[in-house]
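**Student:** Please work from the sequences and hints to get the whole structure.
Residue numbers (the numbering used here), protein chains in the order written: chain A, 542 to 880; chain B, 968 to 1284.
Just so you know, these hints were derived from the structure itself, not from any lab. Note that the Cβ used here is the ideal one computed from N, Cα and C, for glycine as well. Mixed in with the good hints, there may be bad ones.
[What the hints assert, rightly or not] Using C-beta positions, here's what the derived DEER-type ranges look like:
| hint | chain 1 | residue 1 | chain 2 | residue 2 | range |
| --- | --- | --- | --- | --- | --- |
| 1 | B | Ser1203 | A | Thr735 | 56 to 64 angstroms |
| 2 | A | Thr735 | B | Val1128 | 58 to 66 angstroms |
| 3 | B | Gly1095 | A | Ser751 | 38 to 46 angstroms |
| 4 | B | Ala1264 | A | Thr735 | 17 to 25 angstroms |
| 5 | A | Pro610 | B | Leu1020 | 54 to 62 angstroms |
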Amino acid sequence: MSAAAVTEVDDVPLLEVRDLRVEFHSGLEVVHAVNGASFRVNAGETAAVLGESGCGKSVTAASIMRLLPQPPARIAGGSIHFAGDDVLALSRRAWRQVAGRRIGMVFQDALSSLNPVFSVGWQIAETFRVHGEGSAAERRARSIELLERVGIPGAADRFGDYPHQFSGGMRQRVMIAMAVALGPRLLIADEPTTALDVTIQAQIMDLLASLRAEYGMAMVLISHDLGVVYEVADTVAVMYAGRVVESGPCAQVLRDPAHPYTLALLRSVPTGKSKAEKLRPIVGSPPDMARLPAGCAFHPRCEFAREECRRSAPPRRALGVTRAVECHFPLELANGAGV
Amino acid sequence: MSRASSSAAASAEDVQLRRRLPLWRLLLRDRFALAASLWLLLLVLCLAFGPELLGKAATALDLRGRNGPPGSLEKGWLGVLGTDALGRSMLARLVVASRNTLLVAASAVAISLLVGGALGMLAGYAGGRLSNLIMRTVDVLQSFPSLLTAVVVLYVLEPRVANLVLVLAVTRLPVYVRVARAEVLEIRERLFVQASLALGAGRGHVLRRHIAPVVLPTLLTILTVEFAVVMLAESSLSFLGIGIQPPEITWGLMVAQGRNHLSVAWWLAFFPGLAIMLAAMSANVLSSWLRTVSDPAQRWRLEAPRAQSPEPQVSGT
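**Tutor:** As structure tokens, this is what we get:
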């Protein structure tokens, strides 16, 4: 963890998502995208939300930013607290003071996150404009400064360029500049590197890490990339079928998983140690979120499933102070860490 | 891979260098757009000064020189486009009529664009009951033949110019409302709208600053097409006697009056018709040019050197 300004007492986290439930009503079906997800992020730390496509990661992120279109989405239960404020209960006006100013967000696809008809500089300055900061000249100067900070060469010259004149990595840098413009305390990064190729991914993650240290921001990193998560996250929440099935310090969880799903995820990553290595994918496919299986949602794909897993949903078990798992039969922890 | 990226970088550089070309120099490079804007400029001059300069000539009767054919200079340069059934100079009448014609059409389409565009965007963005209310009202408007609406309204009210403009604007409203709504429905789902909301922008701000600028080029394109439609609608109303009242004249009215003499004097209807067509076409060409210029991703098409192929890859290597 960096030397971030941790002003809060440890038991009041910066962001706390508690038992969040989100439903999408489409036709006759109700899709349960998030089914009671809980996790917390302390000031200054990086929390990763890890999971396959369709497990509710992005919906969770959108709920935190109040970006869900309602209807069809509906927040059916739970709460989201940011720095003590109930995000879901804030008035629109009050929320506008939080969004952008205290929480920034970076999206997956930087090209479509930028408006094609405005110059990049205009859009960065827009952040200041929306929040009524500075004169036009000041906004311009600060925007150029930001462009330089996120590593865009010739920032002053490129101020007037349009999004299509930038490469994918550069666009993501611009998005990051917009998100951190007002020095937020929390940055939500929804798969920030998924649309980029590997070398650029590393650069963007480095940039995010250095900005995080510089501004003392906390970060929620939504990702399905174990490698990225392992490198940058302090804590990790593994999501499956709309629930956080395992959470805890990143290194502990990923080295020594307690939930069979986490283990399966780790096993499905190629190690590159031998040429003959076979990939070990997780058998089956993620459940239909409109018709979740009874009991533990993972049981149809779980190699350790027993009768009880089919019958009842597993409770949340604490494994020591920092780790928790939702499984009837959690895996033995090798070194007993945290227990 | 690397060559492709370097050529892309080179063309991006070219674009960056040429982006500072002033608008008028870009206009000079496009012959059609240039011709269109010159023609529109001429029309604006006619509109501004025509009635004062040629007002007398346009009403001077010459019963001996009725239906004079065009192409002769016997009656001076005013007779070059022929004379009408009362021996009045066609050229002078065309010039004088430009003011009524263009002002009525321009203000009608402008009102339609502003009101229709605003309502459509609101319906698309707000959704729900407000959207239903707006769209059903538009359905009602559209289920009436627009000419019939115009006739009824103008018959009840007096056929004044202001009423005419209003009726034309309202009857053409549905096109703008529908198109604006459809565009907004698509654009509001785009990620940059979400990104703007995530930055703390209010809904009104997003609609004005992020959605409207994307919708506007489409609406402007419709506007230029509608320009011609409105000019013709005005002529039908004038023909029915509830539009512009003689002795005021418009091109539409001239076409309508000229129709009676079509077999003996084709130029009575042909020249005003040509004027309508050219005005509409010029507006079209110019709007398509403006749309290209104002679209940052399209502008290179105009900026690329004319001698070379317009493909960016070719100009880059």
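**Student:** Confirm or reject each hint.
**Tutor:** Here's how the hints hold up against the structure:
1. Checking the proposed 56 to 64 angstroms range against serine 1203 of chain B and threonine 735 of chain A shows it holds: the Cβ atoms sit about 58 angstroms from each other.
2. Roughly 60 angstroms separates the CB atoms of threonine 735 of chain A and valine 1128 of chain B, a value that falls within the hinted 58 to 66 angstroms.
3. Range check, glycine 1095 of chain B to serine 751 of chain A: Cβ separation about 45 angstroms, and the 38 to 46 angstroms hint holds.
4. Separated by about 24 angstroms at the C-beta atoms, alanine 1264 of chain B and threonine 735 of chain A satisfy the suggested range of 17 to 25 angstroms.
5. With their beta carbons about 59 angstroms apart, proline 610 of chain A and leucine 1020 of chain B fall inside the hinted range of 54 to 62 angstroms.
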